[in-house]
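Here the protein sequences come in this chain order: X and F. Add 165 to a position in the first sequence, counting from 1, and you land on the number used in our numbering. Add 165 to a position in the second sequence, counting from 1, and you land on the number used in our numbering.
Treat the hints loosely; a few may be bogus.
Identical copies look the same in the list; a pair holds intra-copy or inter-copy alike.
What the hints assert, rightly or not - As a list, the in silico DSS-like pairs of lysine-lysine whose alpha-carbon atoms are at most 30 Å apart:
hint	residue 1	residue 2
1	Lys597	Lys196
2	Lys442	Lys167
3	Lys263	Lys167
4	Lys262	Lys406
5	Lys655	Lys453
6	Lys173	Lys196
7	Lys453	Lys169
8	Lys655	Lys196
9	Lys655	Lys263
10	Lys178	Lys262
11	Lys173	Lys406
12	Lys597	Lys453
By construction, these hints were calculated from the structure, which means they are not laboratory data. Predicted model, so just to flag it, every value in this text is computed and none were measured.
Protein chains: 2
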Amino acid sequence: MKDKQWLKARMEKLWHPRRVAMIGATNSLMKWGFLILARMLGEGFAGEVYPINPRESSVLGRRAYPDILAVPDPIDLAIIVTPGPTVPAVLRECGAKKVPAAIVITSGFSEVGPEGRALEAEIVALARSADIMMVGPNTMGIFSAEDRLNCLMAPISPLPGRAGCIAQSGNVGTHMLFSGKMRGLGFGKFVSSGNEGDLTFEDYLWYFGQDPAINAVLAYVEGLEPGSDFMAVAAEVTKHKPLILYKGGRTGAGARAAASHTGALAGDSLLFTRAMKQAGVILADSNKEVVELARAMEFQPVPRGNRIGILTRGGGWGVITADACVEAGLNIAELSPQTIDRIGRLLPPYWSHGNPVDMVAVISNQAYIDCLQIMIADPNVDAIIALGANSGAHVATTVQSLRRLQAMPEANIAAFEREAQTEALGFVRALKEVIRQTTKPVLTVGRWVESKEWEEGIMMIPEPEDAASMMAKMAGYGRYLNGAEKDRQKRA
Amino acid sequence: MKDKQWLKARMEKLWHPRRVAMIGATNSLMKWGFLILARMLGEGFAGEVYPINPRESSVLGRRAYPDILAVPDPIDLAIIVTPGPTVPAVLRECGAKKVPAAIVITSGFSEVGPEGRALEAEIVALARSADIMMVGPNTMGIFSAEDRLNCLMAPISPLPGRAGCIAQSGNVGTHMLFSGKMRGLGFGKFVSSGNEGDLTFEDYLWYFGQDPAINAVLAYVEGLEPGSDFMAVAAEVTKHKPLILYKGGRTGAGARAAASHTGALAGDSLLFTRAMKQAGVILADSNKEVVELARAMEFQPVPRGNRIGILTRGGGWGVITADACVEAGLNIAELSPQTIDRIGRLLPPYWSHGNPVDMVAVISNQAYIDCLQIMIADPNVDAIIALGANSGAHVATTVQSLRRLQAMPEANIAAFEREAQTEALGFVRALKEVIRQTTKPVLTVGRWVESKEWEEGIMMIPEPEDAASMMAKMAGYGRYLNGAEKDRQKRA
Chain X
166 MKDKQWLKAR MEKLWHPRRV AMIGATNSLM KWGFLILARM LGEGFAGEVY PINPRESSVL
226 GRRAYPDILA VPDPIDLAII VTPGPTVPAV LRECGAKKVP AAIVITSGFS EVGPEGRALE
286 AEIVALARSA DIMMVGPNTM GIFSAEDRLN CLMAPISPLP GRAGCIAQSG NVGTHMLFSG
346 KMRGLGFGKF VSSGNEGDLT FEDYLWYFGQ DPAINAVLAY VEGLEPGSDF MAVAAEVTKH
406 KPLILYKGGR TGAGARAAAS HTGALAGDSL LFTRAMKQAG VILADSNKEV VELARAMEFQ
466 PVPRGNRIGI LTRGGGWGVI TADACVEAGL NIAELSPQTI DRIGRLLPPY WSHGNPVDMV
526 AVISNQAYID CLQIMIADPN VDAIIALGAN SGAHVATTVQ SLRRLQAMPE ANIAAFEREA
586 QTEALGFVRA LKEVIRQTTK PVLTVGRWVE SKEWEEGIMM IPEPEDAASM MAKMAGYGRY
646 LNGAEKDRQK RA
Chain F
166 MKDKQWLKAR MEKLWHPRRV AMIGATNSLM KWGFLILARM LGEGFAGEVY PINPRESSVL
226 GRRAYPDILA VPDPIDLAII VTPGPTVPAV LRECGAKKVP AAIVITSGFS EVGPEGRALE
286 AEIVALARSA DIMMVGPNTM GIFSAEDRLN CLMAPISPLP GRAGCIAQSG NVGTHMLFSG
346 KMRGLGFGKF VSSGNEGDLT FEDYLWYFGQ DPAINAVLAY VEGLEPGSDF MAVAAEVTKH
406 KPLILYKGGR TGAGARAAAS HTGALAGDSL LFTRAMKQAG VILADSNKEV VELARAMEFQ
466 PVPRGNRIGI LTRGGGWGVI TADACVEAGL NIAELSPQTI DRIGRLLPPY WSHGNPVDMV
526 AVISNQAYID CLQIMIADPN VDAIIALGAN SGAHVATTVQ SLRRLQAMPE ANIAAFEREA
586 QTEALGFVRA LKEVIRQTTK PVLTVGRWVE SKEWEEGIMM IPEPEDAASM MAKMAGYGRY
646 LNGAEKDRQK RA
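One chain only, chain X, in its complex shape (with noise of 0.2 Å):
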């Protein structure tokens, strides 16, 4: 990888630019300068923009200039659009101008043969004989989100947050964006690392590694260069936060679709499991869960064990979730006698007497955080997949139904959906109360974005098979934090 401190004031420039020259920008609509200069712009930049094409005088009420070397300004970065047989000339002109980064939207490059190889190598040379820090090219953008500078050709604006994510495909990546978007996780900086011809994946992995703003860092990889300093830089970042990685080109007809799409060489997938393992890295089965993942560890600590506690409103649900969390490698908690006891007295005399523990329709929501609290407070549980934790705030259709049959005066119909509101309300607050104090991971699983949880900032699951793997794999971040730590402790 690059000279640390270089890297890390050319990022600087990357992430935060005060003034960024566009360059490629037009009025032809259906254009990746037109559209995403309009993104840019109208997801509010803090910083100055300058459009630059040579046959515009303006562009979206902007100002154009011929080309960069006609801003009267320094720039901090400069955006690529232009076809790939203009690209060398043009970074010659931003070499000229002392342009620190460069984002290189275009394609054609190492992505499209040996033609494109040729040119791709072209562009790199060029942009590290200017000292050019380069992204892409083919790249999908970046996006960043203390400047709010947005120029991704996806149409897409992400939540902004603290995750940070490094894609090396821009349709993967983009939507981990528009999962984490239905999914309340914000982002603080995503990049598509398109071909990696300068900038490579361990480069912007160190980056968001040391970056404070950045507190868990997501990426979808297809393959590493051999050499690379990528265990190494991995290892000193899960140190501090999550890694959570998704791969792609797993098996021989994923690697050779890889090997199509971005040239990476896979290898051996075991021996790329077992490096992850060693240096605490958390691969994920999917998108999604990359996203759930972070989402869930934004707010949550690692549990220490794998004795999972399982409260349930629902019997069916207990077994269903009993059955994922051993097939995802856990352990079902064997509650201590104390625990059974104190449960026992909030339950009927019927309650299963062990865990799962299921409210067997006791619906009171004081209950279930009661029976809760019980379950965190017991030392053989280390953490809790805590089921049907919405609010029973769902009595819309109740209400519907009343309303339409008019048997009832509207006062009423009004007052029992008050009611209900407060009291669902006040369980979400208990809830969150409960999670934020609590020093052992709550997952809730519970119908999504449909109520009040969703507002509260309250992350609800929406499978329970989910919240098991999730559940399987921030124990193993947690083992390897613990073993981590043991070390540290053994060597110090």
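Knowing the structure of chain X, use the given hints to seat chain F on it.
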């Protein structure tokens, strides 16, 4: 199982009752006798409803009767929500009234221990001696689309349709209804089978199997009675329609939880899986998969083999999907030279020349449709997973940016928006037409409930990993049907 002729006649009364008595109907807002009645009336049940309550003269504007014998008309179905100890007397009265079918919502029976078991034995004996067919006890109710009969405890108004669902857990079952509503899967009939004191899983299964209003059977199962007719009934059903089953209690911990929940004995999981396969039952891996499979199979044929074609608008998606297909046991189809040649005429020269077919930044919707049709025509391809099948109508953020910027006349922005929408709708309709005409299944992957696809009835699977898993299961059912077909031909 029950005598089939008797069962069929009684089931007609249960699912299509003309007159229903709600025993325990009440005006007390938070009681089931109120909530279920409000739902039933509010959802527009087509028949007559008779509230039964000795202390009310009317309930929800309907005349109430002190007991069922006081009702002047014959009753097809009694729904019972009164406390456990009252149920024997209530059933005796139902017997005297010659009620053919009853749903016992009331809980506190075999699920609560020895005393409850005795009470359940008593009511089962009573129902049988009175020739009443009984659902439950401890059921969360039924839903019958044709008659708009919704007597569910859960506040859900299911999408009407043609799926039949049998759930050995009310909570898990109603989650399928919620999930179906979110995914466009409509239900014709739903039953939470409760403790199965009288009617058992097999009875419902047989009935749904021969019911022409039901095109697929969905089930959550925790346990089957030793020596039950399940296998024989299932094997008969799967000849005519898919039976998609989710099994709780696969692991020791899950089985213990199931024993505590429904008292079901789980049995050997491997043996179970093998037996299911022999009977052509599709085993789903999650509640969500049950619903998505049913939805996919509603409009799609089963594949004749497991050679999958993958069409993608982004290289990374192709990689992920190829991995997921191989991991699910599918093969990546080797495209015929003719297909490679034909697609080559539509895509730039540097395209992958193989499967997955990556559109390599060709955003033309017509090219996508053309590639899809070419792949379908390839004899080496049994089924297709089509990624990025959204219409690309997602110009909302761009339009929003343009409006915010005020750098363009509103008329131009509106024209841009209109044009994109027209293009999107055209694509969706073309895609729909391709899917309607082909005899090979095409699973479409794309962002979910976001645009026209949803309204036009195209199912979007949000994650490619899920599409691969579903396709593998559809292929398994296809193999079974082929085998069954061959057996039939051999015997003929």
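How the hints compare with the structure:
1. Lys597 x Lys196: between (46 Å within a copy, 28 Å between copies)
2. Lys442 x Lys167: For lysine 442 and lysine 167, the Cα distance is within 30 Å only inside one copy (25 Å; across copies 55 Å).
3. Lys263 x Lys167: This pair counts as within: shortest intra-copy Cα distance 19 Å, inter-copy 86 Å.
4. Lys262 x Lys406: neither (38 Å within a copy, 69 Å between copies)
5. Lys655 x Lys453: neither (38 Å within a copy, 47 Å between copies)
6. Lys173 x Lys196: neither (33 Å within a copy, 64 Å between copies)
7. Lys453 x Lys169: neither (32 Å within a copy, 46 Å between copies)
8. Lys655 x Lys196: neither (59 Å within a copy, 62 Å between copies)
9. Lys655 x Lys263: Neither way: lysine 655 and lysine 263 sit 49 Å apart in one copy and 80 Å across, limit 30 Å.
10. Lys178 x Lys262: within (15 Å within a copy, 84 Å between copies)
11. Lys173 x Lys406: The answer is within: 19 Å in one copy meets 30 Å, while 61 Å across copies does not.
12. Lys597 x Lys453: both (23 Å within a copy, 26 Å between copies)
The structure does not agree with the numbered hints 4, 5, 6, 7, 8 and 9 stated previously, though it agrees with the rest.
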